[in-house]
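Enquirer: What follows is the residue order along each chain.
2 protein chains.
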Amino acid sequence: METELSKRLGVEHAIFGFTPFPAVAAAITRAGGFGVLGAVRYTAPGDLARDLDWMQDHTDGLPYGLDVVMPAKKVEGVTEADVEAMIPDGHRRFVAKVLAEHGVPPLADGEASGWRITGWMEEVARGQLDVAFDYPVKLLANALGPPPADVVDRAHRHGVLVAALAGSARHARRHAEAGIDIVVAQGYEAGGHTGEIASMVLTPEVVDAVAPLPVLAAGGIGSGEQIAAGLALGAQGVWLGSIWLTTTEADLHSRALTAKLLAAGSGDTVRSRALTGKPARQLRTEWTDAWDDPEGPGALPMPLQGLLVADAVSRIQKYEAEPLLGTPVGQIVGRMTAERPVREVFDDLTRGFERAVTRLDRIAKRSRS
Amino acid sequence: METELSKRLGVEHAIFGFTPFPAVAAAITRAGGFGVLGAVRYTAPGDLARDLDWMQDHTDGLPYGLDVVMPAKKVEGVTEADVEAMIPDGHRRFVAKVLAEHGVPPLADGEASGWRITGWMEEVARGQLDVAFDYPVKLLANALGPPPADVVDRAHRHGVLVAALAGSARHARRHAEAGIDIVVAQGYEAGGHTGEIASMVLTPEVVDAVAPLPVLAAGGIGSGEQIAAGLALGAQGVWLGSIWLTTTEADLHSRALTAKLLAAGSGDTVRSRALTGKPARQLRTEWTDAWDDPEGPGALPMPLQGLLVADAVSRIQKYEAEPLLGTPVGQIVGRMTAERPVREVFDDLTRGFERAVTRLDRIAKRSRS
Numbered sequence: 001m002e003t004e005l006s007k008r009l010g011v012e013h014a015i016f017g018f019t020p021f022p023a024v025a026a027a028i029t030r031a032g033g034f035g036v037l038g039a040v041r042y043t044a045p046g047d048l049a050r051d052l053d054w055m056q057d058h059t060d061g062l063p064y065g066l067d068v069v070m071p072a073k074k075v076e077g078v079t080e081a082d083v084e085a086m087i088p089d090g091h092r093r094f095v096a097k098v099l100a101e102h103g104v105p106p107l108a109d110g111e112a113s114g115w116r117i118t119g120w121m122e123e124v125a126r127g128q129l130d131v132a133f134d135y136p137v138k139l140l141a142n143a144l145g146p147p148p149a150d151v152v153d154r155a156h157r158h159g160v161l162v163a164a165l166a167g168s169a170r171h172a173r174r175h176a177e178a179g180i181d182i183v184v185a186q187g188y189e190a191g192g193h194t195g196e197i198a199s200m201v202l203t204p205e206v207v208d209a210v211a212p213l214p215v216l217a218a219g220g221i222g223s224g225e226q227i228a229a230g231l232a233l234g235a236q237g238v239w240l241g242s243i244w245l246t247t248t249e250a251d252l253h254s255r256a257l258t259a260k261l262l263a264a265g266s267g268d269t270v271r272s273r274a275l276t277g278k279p280a281r282q283l284r285t286e287w288t289d290a291w292d293d294p295e296g297p298g299a300l301p302m303p304l305q306g307l308l309v310a311d312a313v314s315r316i317q318k319y320e321a322e323p324l325l326g327t328p329v330g331q332i333v334g335r336m337t338a339e340r341p342v343r344e345v346f347d348d349l350t351r352g353f354e355r356a357v358t359r360l361d362r363i364a365k366r367s368r369s
Numbered sequence: 001m002e003t004e005l006s007k008r009l010g011v012e013h014a015i016f017g018f019t020p021f022p023a024v025a026a027a028i029t030r031a032g033g034f035g036v037l038g039a040v041r042y043t044a045p046g047d048l049a050r051d052l053d054w055m056q057d058h059t060d061g062l063p064y065g066l067d068v069v070m071p072a073k074k075v076e077g078v079t080e081a082d083v084e085a086m087i088p089d090g091h092r093r094f095v096a097k098v099l100a101e102h103g104v105p106p107l108a109d110g111e112a113s114g115w116r117i118t119g120w121m122e123e124v125a126r127g128q129l130d131v132a133f134d135y136p137v138k139l140l141a142n143a144l145g146p147p148p149a150d151v152v153d154r155a156h157r158h159g160v161l162v163a164a165l166a167g168s169a170r171h172a173r174r175h176a177e178a179g180i181d182i183v184v185a186q187g188y189e190a191g192g193h194t195g196e197i198a199s200m201v202l203t204p205e206v207v208d209a210v211a212p213l214p215v216l217a218a219g220g221i222g223s224g225e226q227i228a229a230g231l232a233l234g235a236q237g238v239w240l241g242s243i244w245l246t247t248t249e250a251d252l253h254s255r256a257l258t259a260k261l262l263a264a265g266s267g268d269t270v271r272s273r274a275l276t277g278k279p280a281r282q283l284r285t286e287w288t289d290a291w292d293d294p295e296g297p298g299a300l301p302m303p304l305q306g307l308l309v310a311d312a313v314s315r316i317q318k319y320e321a322e323p324l325l326g327t328p329v330g331q332i333v334g335r336m337t338a339e340r341p342v343r344e345v346f347d348d349l350t351r352g353f354e355r356a357v358t359r360l361d362r363i364a365k366r367s368r369s
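Chains S and D, in that order, are what the protein sequence lines are. Those letters in the first sequence? Residues 1 to 369, by the numbering used here. Those letters in the second sequence? Residues 1 to 369, by the numbering used here.
For the record, the hints were derived by calculation from the structure and aren't laboratory data. Be a bit skeptical, because a hint or two may be false.
Heads up, the list lumps identical chains together, so a pair's fine if it works in one copy or across two of them.
Claimed, not checked - Distance condition first, Cα-Cα at most 25 angstroms in a straight line; then the derived DMTMM-like pairs of lysine to aspartate or glutamate: (1) K365 - E344; (2) K278 - D109; (3) K365 - E196; (4) K365 - D208; (5) K318 - D268; (6) K365 - E354; (7) K278 - D89; (8) K97 - D251; (9) K365 - D57; (10) K278 - D289; (11) K97 - E295; (12) K318 - E286; (13) K318 - E339; (14) K365 - E12; (15) K7 - D47; (16) K278 - E196; (17) K365 - E2.
So that you can see chain S by itself, here it is in the shape it has in the complex:
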């Protein structure tokens, strides 16, 4: 599966796999794809350095990337405490009420929420970058539009390509003007933050909007046939996130959550502001229902909502409060029905792609050479 972009990055297949787990990212790279490690949960630079060391030892010199969450606009002088102070008491009481209704115990005294100081704080993301540029990372992706201009420049000086997610052609054009190298067109059906335009329509719109910049199709892709569809739409590669969540190398820290993912159908996700304050697709749970309930207080805007629910999310995960337990995931979750090694999933993708191209050749009445 060779495109100009895959050649430029030196990967066999134009399959980009986003994952928060180093073992998954490394396995994607070893299988012939391009693993992208999500950095948002690395609040301590030393932890990121440790995992990038591990990646170096487990990728056979093959290329991989890093995904950070960095707002393009800097808000000067605002601390986490300032943001905390903006959260209404009524919302805090609502969180406590929902958790109490489900009997979710508090964290132990002094037990920090892994989510509390999140990577979307620019200083945290910059700390991650200081580490990352010491490693031969080939791609820096940013989930919230283009990173700040100095970060783009710094990446380019290190020979690192910069990618940014976009949910509309307008956003994609803005990203291109900010000097990024690759646009990830993230369709409505994708897990995590998404807009309302589905991949079938979004991908070619973004391709046309930013040409000749390469575009990756993201959202709804979990089979080789879907990869063929994304590439037919003009993308130079595909970006898959959800599908790796149920690989054997993934470590969700919760058997109950893995079981929920394996059982969920394509209709069991919801685009909800419950997680961060911006619409993000995730498993539909009693937690998302509570925030989406018109009778409830509703989610706060980003970044307030993320801070408000940080401890609660940790508690739900730690105690595996099943009805509340969720995760960002796309509509493709309906196809995630068994835990399998990354290599097996990956080989299915490339085989399915070949099958789809053979079928299209037949439909176009071309014999295979």
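Given chain S, work out where chain D should sit, using these hints.
Expert: Just chain D now, with coordinates in the frame of chain S:
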């Protein structure tokens, strides 16, 4: 573009074009596709017979189909007057208020709304069928799931294939069990009634759910590249509706509406219950905003909403009340930027498909034979 289904129906290309306009349906068929005439607005059987006569004279003996709106479950003994009586006065006042705010005049005395007695009434649809079976219609499609069993049997006795739209794998399986021949997998991005699963995910789910029945991919398709994507996902053909609305053969009876369609972007549609009471994608207008407003009374369930707004929709169209003027259309509306003849649109589709297959062959490193 040849699949088993296109061969079975005797068409050159597996492109199914749904349209309420005979001139468009005939032009699609003449171009090598399969034109499907929407029958919902033919309340008088004579009008349908007149237009099917015209179709016969303008399709050179090539195949075409008919699309009706027929609920599978019959509600015995319920008249239109019974349904009218179920509409709350508050909702009627809301309609009057919104129209008054925009200065929309009433219809002339005795002027019937073309929408008033709609084709979803089973007796109207059965009247259409009595006419249709006198013509060599090759396909009967139903927008509300499978038609009643006796209608499926009658179609099969006439050698007519039956298609039904589905927005989920579960619905598709139910349709297959009802004995239909083709499932149209209608994605979230489509115009008209849709579910929440996007085409990229829905198409292969439905293909697997009803195999070996053939599936048509619908939703988000308006280019040859999108056709290649739909077929890569396992469909045996594609079903396009929106793209024909701005062809020169289409007759929207409103230059203002055509202008709105040509100007709209992919983000200018909304999935709203304003039109029929069930979620249907359409242009977002001040009319849909009024019904989707949490402060308003909200849309009534189907079929009440359709009856409630029938006159209002006619008035909005007749007087071209621009801010309220809309139509069902999919997210592909962003690509409808010029009025063009059906033949030109169709040839672009087949050329774009060839281009996409050539590109995929290159990505798969196959040389073209």
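Enquirer: All the hints need checking, so say for each whether the structure fits it.
Expert: Tested hints:
1. Within a single copy, K365 and E344 get their C-alpha atoms only as close as 31 angstroms, which misses the 25 angstroms cut-off; across copies the closest is 22 angstroms, which meets it.
2. Proximity of K278 and D109 under a CA criterion of 25 angstroms is satisfied in neither setting, with 30 angstroms inside one chain copy and 50 angstroms between copies.
3. In this homomeric assembly, K365 and E196 never come within 25 angstroms of each other (Cα to Cα): the closest approach is 36 angstroms inside a single copy and 34 angstroms across copies.
4. Taking the closest pair of Cα atoms, K365 and D208 come within 25 angstroms of each other only across two copies (24 angstroms); inside a single copy the shortest separation is 28 angstroms, beyond that limit.
5. Taking the closest pair of Cα atoms, K318 and D268 come within 25 angstroms of each other only inside a single copy of the chain (22 angstroms); across copies the shortest separation is 42 angstroms, beyond that limit.
6. In the homo-oligomer, the alpha carbons of K365 and E354 lie at most 25 angstroms apart both inside one protomer (16 angstroms) and across protomers (10 angstroms), since each shortest distance falls under that limit.
7. For the homomeric pair K278 and D89, the shortest alpha-carbon distance inside one copy (20 angstroms) is at most 25 angstroms, but the shortest distance between copies (38 angstroms) is not.
8. With identical chains, the CA atoms of K97 and D251 are never at most 25 angstroms apart, being 30 angstroms at best within one copy and 57 angstroms at best between copies.
9. For a Cα distance limit of 25 angstroms, the shortest separation of K365 from D57 qualifies neither inside one copy, at 47 angstroms, nor across copies, at 31 angstroms.
10. For a Cα distance limit of 25 angstroms, the shortest separation of K278 from D289 qualifies both inside one copy, at 15 angstroms, and across copies, at 21 angstroms.
11. Taking the closest pair of Cα atoms, K97 and E295 come within 25 angstroms of each other only inside a single copy of the chain (14 angstroms); across copies the shortest separation is 27 angstroms, beyond that limit.
12. For a Cα distance limit of 25 angstroms, the shortest separation of K318 from E286 inside one copy, 17 angstroms, qualifies, whereas the shortest one across copies, 47 angstroms, does not.
13. For a Cα distance limit of 25 angstroms, the shortest separation of K318 from E339 inside one copy, 21 angstroms, qualifies, whereas the shortest one across copies, 58 angstroms, does not.
14. Proximity of K365 and E12 under a CA criterion of 25 angstroms is satisfied inter-copy only: 12 angstroms between copies versus 28 angstroms inside one chain copy.
15. Proximity of K7 to D47 under the C-alpha cut-off of 25 angstroms is found in neither arrangement, the shortest distances being 31 angstroms within a copy and 60 angstroms between copies.
16. For a Cα distance limit of 25 angstroms, the shortest separation of K278 from E196 qualifies both inside one copy, at 12 angstroms, and across copies, at 19 angstroms.
17. With identical chains, the CA atoms of K365 and E2 are at most 25 angstroms apart both within one copy (23 angstroms) and between copies (7 angstroms).
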